[in-house]
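Trainee: One letter stands for each residue in the lines below.
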Amino acid sequence: GENVEQHPSTLSVQEGDSAVIKCTYSDSASNYFPWYKQELGKRPQLIIDIRSNVGEKKDQRIAVTLNKTAKHFSLHITETQPEDSAVYFCAAGGSYIPTFGRGTSLIVHP
Amino acid sequence: GAVVSQHPSWVICKSGTSVKIECRSLDFQATTMFWYRQFPKQSLMLMATSNEGSKATYEQGVEKDKFLINHASLTLSTLTVTSAHPEDSSFYICSGQDDQLNSPLHFGNGTRLTVT
Numbered sequence: 040g041e042n043v044e045q046h047p048s049t050l051s052v053q054e055g056d057s058a059v060i061k062c063t064y065s066d067s068a069s070n071y072f073p074w075y076k077q078e079l080g081k082r083p084q085l086i087i088d089i090r091s092n093v094g095e096k097k098d099q100r101i102a103v104t105l106n107k108t109a110k111h112f113s114l115h116i117t118e119t120q121p122e123d124s125a126v127y128f129c130a131a132g133g134s135y136i137p138t139f140g141r142g143t144s145l146i147v148h149p
Numbered sequence: 006g007a008v009v010s011q012h013p014s015w016v017i018c019k020s021g022t023s024v025k026i027e028c029r030s031l032d033f034q035a036t037t038m039f040w041y042r043q044f045p046k047q048s049l050m051l052m053a054t055s056n057e058g059s060k061a062t063y064e065q066g067v068e069k070d071k072f073l074i075n076h077a078s079l080t081l082s083t084l085t086v087t088s089a090h091p092e093d094s095s096f097y098i099c100s101g102q103d104d105q106l107n108s109p110l111h112f113g114n115g116t117r118l119t120v121t
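Those protein sequences? They're chains A and B, same order as listed.
Position 70, counted from 1, in the first sequence is what the working numbering calls 109; the numbers after and before it change by one each time, with no gaps.
Position 34, counted from 1, in the second sequence is what the working numbering calls 39; the numbers after and before it change by one each time, with no gaps.
Derived by calculation from the structure, the hints in this document are not laboratory data.
Nothing here was measured: the structure is a model prediction, and the numbers come from that model.
A portion of the hints provided could be inaccurate.
A few chain A residues that face chain B, going by a derived Cβ cut-off under 7 Å, partial list only [as the list claims (entries may be wrong)]:
| id | residue |
| --- | --- |
| 1 | R82 |
| 2 | P83 |
| 3 | I86 |
| 4 | I89 |
| 5 | F139 |
| 6 | R141 |
| 7 | G142 |
Every residue gets a Cβ at the ideal spot worked out from N, C-alpha and C, and that includes glycine.
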């Protein structure tokens with residue numbers, strides 16, 4: 040089955056800095072890569088996703104890049120704000136059940 | 006937009022009792038419902054996958070007789086924790102998906118279960 044590795048487990052940045060979270064996956068058949076943001080005690084919320092037919096997608100301060108050859112994808116958050124503090128999960132899937140990474144706790148210091 | 010309504014949001018029960026968690030999909034038909042549990046500061050661990058009208062598929066290590074899943078309609082799925090024990094205390098989250106390939110997961114708000 041699919042195996043998703045996510046790094047780092049914890050990321051601490053100053054407000055205004057950029058944050059990058061990286062994930063690798065094992066199954067070359069995966070073609071859908073969503074990212075979820077989970078605030079403490081709340082449900083995960085989809086923030087951005089990318090499909091295998093594109094290499095990059097951007098939505099305001101959030102961008103995701105995908106390298107299918109290397110089987111890795113990354114989340115980029117620019118101009119971070121304290122409200123970006125949360126746990127972020129990557130996932131990889133296809134025509135089967137998406138597999139989640141272990142999560143990255145992002146802390147943005149004001 | 007698509008929403009999954011999950012109830013209850015929290016429940017405290019005594020050891021040995023059963024607890025039912027309900028997830029309803031609003032504004033979309035959840036062909037597939039995923040049930041996860043999440044321990045503090047850990048990832049979402051898939052427990053089982055249920056498809057409307059058929060038996061759930063459980064992940065390795067998850068007892069199907071303990072965690073009963075029913076997905077009788079395209080808008081309702083339930084998870085019943087039978088004979089709950091303190092080690093079952095966790096955060097349980099459902100997630101619905103429609104039948105389109107690679108469609109996003111729509112998560113419920115989760116249920117915090119505490120077994121005393």
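Trainee: Answer holds if the nearest beta-carbon of chain B is closer than 7 Å to that of G142 of chain A; otherwise answer violated.
Mentor: Where the cut-off is 7 Å and the nearest Cβ of chain B is about 5 Å from G142 of chain A, the hint holds.
Trainee: Are R82 of chain A and chain B close enough, Cβ to Cβ, to be under 7 Å, as the hint says?
Mentor: Where the cut-off is 7 Å and the nearest Cβ of chain B is about 4 Å from R82 of chain A, the hint holds.
Trainee: Holds or violated: the hint that I86 of chain A contacts chain B, with Cβ atoms closer than 7 Å.
Mentor: violated (11 Å)
Trainee: Under 7 Å, Cβ to Cβ, is where P83 of chain A needs to be relative to chain B, so tell me if that hint holds or is violated.
Mentor: For P83 of chain A, the interface hint holds, since the closest Cβ of chain B sits about 5 Å away, which is under 7 Å.
Trainee: Given I89 of chain A was flagged as interface, is its beta-carbon under 7 Å from a beta-carbon of chain B?
Mentor: violated (11 Å)
Trainee: Holds or violated: is the Cβ of F139 of chain A closer than 7 Å to a Cβ in chain B?
Mentor: holds (5 Å)
Trainee: Let me know if the C-beta of R141 of chain A comes in closer than 7 Å to any C-beta of chain B, holds or violated.
Mentor: Cβ of R141 of chain A sits 5 Å from chain B, so the hint holds.
Checked against the numbered hints above, the structure breaks hints 3 and 4 and satisfies the rest.
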